[in-house]
Amino acid sequence: MNSESKYERLVHMLRQQANLGAALALLEWDQETYLPSGAIDSRVRQIGALSSALHRERTAPEFLNLVDDLATRPEEFNADQAVDIRETKWKLDRQRALDEPFVRQRAELHAHARNVWISARRDNDFAALAPYLARIVELAREMAQRIDASRFAYDVLLEAYEPGATTATLRPMLEQLRDGLVPLVERLRIRATRPSATATVLCGDFPIEAQRQFNREVLKILGFDLTRGRLDEAAHPFSTSIGDDSRLTTRYAANDLRYGLFSTIHEAGHGMYEQGLEAQAWGTPCGESCSLGIHESQSRLWENLVGRSAAFWEYLLPLARRFFPALENVSVAAVAHTVNEAKPSFIRTESDEVTYNLHIILRFELELELISGTLRVVDLPEAWRAKMQRSLGIEPPTDRDGVLQDVHWSCGDFGYFPTYTLGNIYAAQLMQKARTVLGDIETQLSRGDCAPLLEWMRVNVHRIGQRFRGTELIERATGRAPDTDALLAHLENKVGFIER
Numbered sequence: 076m077n078s079e080s081k082y083e084r085l086v087h088m089l090r091q092q093a094n095l096g097a098a099l100a101l102l103e104w105d106q107e108t109y110l111p112s113g114a115i116d117s118r119v120r121q122i123g124a125l126s127s128a129l130h131r132e133r134t135a136p137e138f139l140n141l142v143d144d145l146a147t148r149p150e151e152f153n154a155d156q157a158v159d160i161r162e163t164k165w166k167l168d169r170q171r172a173l174d175e176p177f178v179r180q181r182a183e184l185h186a187h188a189r190n191v192w193i194s195a196r197r198d199n200d201f202a203a204l205a206p207y208l209a210r211i212v213e214l215a216r217e218m219a220q221r222i223d224a225s226r227f228a229y230d231v232l233l234e235a236y237e238p239g240a241t242t243a244t245l246r247p248m249l250e251q252l253r254d255g256l257v258p259l260v261e262r263l264r265i266r267a268t269r270p271s272a273t274a275t276v277l278c279g280d281f282p283i284e285a286q287r288q289f290n291r292e293v294l295k296i297l298g299f300d301l302t303r304g305r306l307d308e309a310a311h312p313f314s315t316s317i318g319d320d321s322r323l324t325t326r327y328a329a330n331d332l333r334y335g336l337f338s339t340i341h342e343a344g345h346g347m348y349e350q351g352l353e354a355q356a357w358g359t360p361c362g363e364s365c366s367l368g369i370h371e372s373q374s375r376l377w378e379n380l381v382g383r384s385a386a387f388w389e390y391l392l393p394l395a396r397r398f399f400p401a402l403e404n405v406s407v408a409a410v411a412h413t414v415n416e417a418k419p420s421f422i423r424t425e426s427d428e429v430t431y432n433l434h435i436i437l438r439f440e441l442e443l444e445l446i447s448g449t450l451r452v453v454d455l456p457e458a459w460r461a462k463m464q465r466s467l468g469i470e471p472p473t474d475r476d477g478v479l480q481d482v483h484w485s486c487g488d489f490g491y492f493p494t495y496t497l498g499n500i501y502a503a504q505l506m507q508k509a510r511t512v513l514g515d516i517e518t519q520l521s522r523g524d525c526a527p528l529l530e531w532m533r534v535n536v537h538r539i540g541q542r543f544r545g546t547e548l549i550e551r552a553t554g555r556a557p558d559t560d561a562l563l564a565h566l567e568n569k570v571g572f573i574e575r
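No gaps in the numbering here: position 43 of the sequence shown is 118 in our numbering, and each next residue is one more.
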């Protein structure tokens, strides 16, 4: 079999795996949305059977040997073929570094720890979780050692979520961001002492059925293709890709229009990225999203830089009034202030755009210290309080409002948190560049014309797939390496707007 035939065989096997993965995603989506409560046992068996089948495909000797063989002769393939081989090989090498007993040990520990976390958070009992978390940290270090003992352990963990990222480049960028955000937070603290006349204009009586219809109209305006996707409801909003079928979920509050709307816009950003991937490359790395940070850049861009802009609401508010008559006498300016309100708070998932990244930086610094061994798990609560006081000027009254609020560490997800802030950094830089190329984006948004911005993202982000790592993708799209300048400028403008 010649090289071209071997590559075609690789693509066939990758797409077979992608088909199984899509079927698994559909079962999991259904479990979160429409599965009858009495059918959970059979669904668990179905998911288990498909997961096993997918694992067999990914670990089949024929597949592993084929990838290893192709990786020895990159010069025989064109650029896109070389990307598919390189990225597949990179993922397989990470997987093969972990034997089955170790994988099972981690999975069982995480499953136990997650259950302990639920009760520990409920009871405000960090001591109950601490022994499990200490063991999870040990296994995270061991996993990094198994994958690549020559590199800093945290870098090995980080690249599982953001390939190519390193602590050496990430830490100074986040420190610069923190130093720029702390003065803005102080201005917010001063602003919070004055009452806002507009903070509740999107709170009131907003019937759920009307919100469902309104949110579907918003999806159409943004450019989400409802013929290749759908919007449903779940306890925790998420999006998933099932082949050429992008599923979004949101959740609604009858007394606050913002609750469901911004969840919908956020998930639409993820969904439009998936819909914009190169269809002909489906199932291969060239047809898959670049990284979690790049994925998050798309959700954050549409949620924050578009969805919270006064220009977008110039178009959206008249539409909203058709569904919600109570908004008849509400102004665009009042809505813009309402959707951009900001102040320091304890809970990451409830924080605003200005303060959110400080919550992430706090977690990055702590998990970096945990993995490097300079911070003990038992000292986490006090370290958490000290860092929150330093950056946000507040201390959580309980561990439930502090170190116990997130499940991520109980699941061993060290290196995941930074991708949230990378998404914000990437989004601001991409939007800044798009403005220079597309001209007056505000006028376009005020007409409900999102197509030029979406197409720019299609060309410069979506269709790139995994041809470049995140940092290089941003540099090629914007003309410079990722930095915090655009994000800090955007947030400075936002605080100025809030203060008016």
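Everything labelled a hint here was simulated from the structure, so no lab data went into it. One thing to keep in mind: the hints can contain errors.
Taking lysine-lysine pairs in the BS3-like style, the calculated list, with each CA pair at most 30 Å apart, reads [stated by the list, open to error]: (1) K295 x K462; (2) K295 x K508; (3) K164 x K81; (4) K462 x K508; (5) K569 x K295; (6) K166 x K81; (7) K166 x K295; (8) K418 x K569; (9) K569 x K508.
Between beta-carbon pairs, the in silico distance windows are [stated by the list, open to error]: (10) D144 x D331: 55 to 65 Å; (11) E425 x E83: 41 to 51 Å; (12) S406 x E457: 41 to 51 Å.
Note that CB positions come from ideal geometry on N, CA and C, so glycine has one too.
Now for the hints, and whether the structure bears them out:
{"no.": "1", "hint": "K295 x K462", "in the structure": "violated (42 Å)"}
{"no.": "2", "hint": "K295 x K508", "in the structure": "holds (24 Å)"}
{"no.": "3", "hint": "K164 x K81", "in the structure": "holds (14 Å)"}
{"no.": "4", "hint": "K462 x K508", "in the structure": "violated (34 Å)"}
{"no.": "5", "hint": "K569 x K295", "in the structure": "holds (27 Å)"}
{"no.": "6", "hint": "K166 x K81", "in the structure": "holds (19 Å)"}
{"no.": "7", "hint": "K166 x K295", "in the structure": "violated (36 Å)"}
{"no.": "8", "hint": "K418 x K569", "in the structure": "holds (12 Å)"}
{"no.": "9", "hint": "K569 x K508", "in the structure": "holds (19 Å)"}
{"no.": "10", "hint": "D144 x D331: 55 to 65 Å", "in the structure": "holds (57 Å)"}
{"no.": "11", "hint": "E425 x E83: 41 to 51 Å", "in the structure": "holds (50 Å)"}
{"no.": "12", "hint": "S406 x E457: 41 to 51 Å", "in the structure": "holds (46 Å)"}
Hints 1, 4, 7 from the list above are not met by this structure, while the remaining hints are.
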